[in-house]
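A.B. asks: If you want the building blocks of each chain, they are given just below.
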Amino acid sequence: MYVGVDLGSRTIKVAAWQDGRMVDHKLQESGFEPHEQAREMIKAYSPRHVIATGYGRHLAHEHFADGVITEIKAHAMGIHTMLPEATTVVDIGGQDSKVIALNVKGQVTNFQMNDKCAAGTGRFLEIMATSLAYPLGDFGPAALASEQEIQINSMCTVFAESEVISMKNRGIPRQHIARAVHSSVADRIIAMLGRIGFGELIAFSGGVANNPCIVQMVRMRLENVQVVVPENPSLIGALGAAIEAARRGGQV
Amino acid sequence: MTHFEIKAYPEMWKDLDMDVERFDKMRLMLGEIFEKTYLSQKNRPAGMAYFDNMIAELHGSRIKELLAAKEEGRPVIGTFCVYIPEEIVLAAGGVCVGLCGGSQGSVPDAEKILPRNICPMVKSAFGFKAGRICPYFQVLDFVYGETTCDAKKKTWEILDEMVPTHVMEIPQMKNQTDQEMWLAEVKAFKTKVESFSGKEVTIEDMRRATRTMNNKRKALQRLNTLRHTNPTPISGKDVLLIEQIAFYDEPIRFAREVNELCDELEKRIADNVAIPSKNAARIMVAGVPMALPNWKLHNLVEGAGAVIVNEESCIGTRYYKDLMDENAEDMETILQNLTSRYMQIDCSCFTPNNERIDQVLREYKESGAQGIIHYSLQFCHTYNIEEIRIRQACEREGIPYMFIESDYSPEDVGQLQTRVEAFLEQIGE
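Residue numbers (the numbering used here), protein chains in the order written: chain A, 16 to 267; chain B, 2 to 430.
Quick caveat, the hints were computed from the structure, so don't treat them as lab data.
Mixed in with the good hints there might be a few duds.
To be verified - Straight-line alpha carbon distances no greater than 35 Å define the calculated DSBU-like cross-link-like pairs of lysine-lysine that follow: (1) B:K279 with A:K120; (2) B:K188 with B:K219; (3) B:K26 with A:K120; (4) B:K71 with B:K43; (5) B:K193 with B:K155; (6) B:K188 with B:K26.
Hey, can you work out the whole structure from these sequences and the hints?
C.D. replies: Structure (structure tokens):
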């Protein structure tokens, strides 16, 4: 068994790979000692080779993993395996947003990643959902149901939250504000895509790809482009790491 | 490994009206960071001992030398830019010290007064004076600022309340009228320095000073050429340190030490001694200066197993790529030569600045790098915008390229590490 572990900022994902396919996967919210938690999650597989990715990759490498790759390479590899036609990957996780350009072999040719700012990430959506008293799972569907187009001007998480609060206090219904929040994230994704350039098939991975409103808004903003969300988009990084584990372990 | 410590001179610091308690904490922290960043490197050239000692004595023996120069009536002038003509300071018997602005530690001192959303280098430098936590700032007779960016030129007005600050106007274009204006500024600078030293600068003084500066720049050129060898005989971190020390060391001694190190590096190359591993990816850095002790990017890149082989920066090639004629017959000619030499500096404050695009591509080829990281400080508008043209040129030439905008705070190290490692993965494929 070859195992990929993605120690992300919010969750830990594990993918187990054997004979050219993913045979198992797990996802848990990450606790205080992510490397211990990750080690526990993979124990049952008795893996031959483990590759770690995500924020905690080096910590995992210190304790148990055989090697590391970055999230960028991991998502590129995971997507290339699931959707070989895709030449662009949008990956929005808890703390990072990335756009990755691939060649036909699935190798990274260029990428963009946010810097210290959390704007447009999963964390941003979480904070805004809390501010509007939505459980995270209801946030996207509620925004999708609203038809009112209003705008949030600030991309900064701190300022955007102030803007949301002032909208609430002007009596604007919360589903409209929710829609505006989603719009601002979609606009940011489009801007990043514009900087890198994109092909006809864009794959959307990472936890935020589970949000139906963001996905639809990105689709609506692009003409003649297919935006595809793979099954279990949160697992793509772990999957890519598992494939790399198999490659390094000698089983391609 | 013996414990590294930046040596303490509390009595001298007290005499210099420094905030000794605060400064002593910074000294200990810097010592720790230096030990971790530098002394942990394996197989360093023996010649680095001199430069390590320059850090150990950063706040001691060099300060004593500056105090001794003042005793002799020689002016000590603090600067922040490679446009200030050091040759003239040396010719007048003075000492030119490039002041630091590369630490997060002094930023809160600056933010008590200056706006937060400006260049971290300007804030850091200003904070060192405002907090009385830099012995160089306390020793110098006056600061010579310039007008290369808005943050600097307006900060000089505030800094002048704490230390005499003069300003040299640097043009922003390179037309005939700009050259004339610059020559006039150079002459005004000379007059100012002469009035402080009480000594009229002769053509002999100028020739001697020009030779000294040429020798210093040649030594740095030699070092840079040697590090371009594949595999490289010296780490990027070590070369950056030397380029940083170039701004405050005594120039004749500095050139001698750099040349001695170069002799050693030549021997290393002949013996095939490489640092770090022979397969390390070779990265060139272009962009804004990394002032002491800003080792953030070098630490990340070399920590990820790659090696930096060139700094296209003011603390880097922009400081030493150009020499000037040492043999002019008269003052007017030598000052004209000097102006022309300084006019070749390709800072992003100029428009247009096509020379820099060509220079980046040239250095990329000469250094045998496999990719370029453009590094800018936050709020540095001219470099941040010029980055677009550097990126376009790299795309055109098929050069792997990445842009990093950062400041001195450690909060983005996680993201930067991911980006640097992903860039190295991309180059490795």
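A.B. asks: K193 of chain B and K155 of chain B: Cα distance at most 35 Å?
C.D. replies: Status holds; Cα separation ~21 Å.
A.B. asks: With a cut-off of 35 Å on the C-alpha distance, tell me whether K188 of chain B and K26 of chain B pass.
C.D. replies: 42 Å, violated
A.B. asks: Check whether the Cα positions of K26 of chain B and K120 of chain A lie no farther apart than 35 Å.
C.D. replies: 53 Å, violated
A.B. asks: Keeping to a limit of 35 Å between CA atoms, is the pair of K279 of chain B and K120 of chain A held or broken?
C.D. replies: 27 Å, holds
A.B. asks: Going straight from one Cα to the other, do K188 of chain B and K219 of chain B come out at no more than 35 Å?
C.D. replies: 26 Å, holds
A.B. asks: Check the hint pairing K71 of chain B with K43 of chain B against an upper bound of 35 Å on the C-alpha distance.
C.D. replies: Violated - the C-alpha atoms of K43 of chain B and K71 of chain B are around 40 Å apart, more than 35 Å.
Taken one by one, the earlier hints fail for this structure at numbers 3, 4, 6, listed in ascending order.
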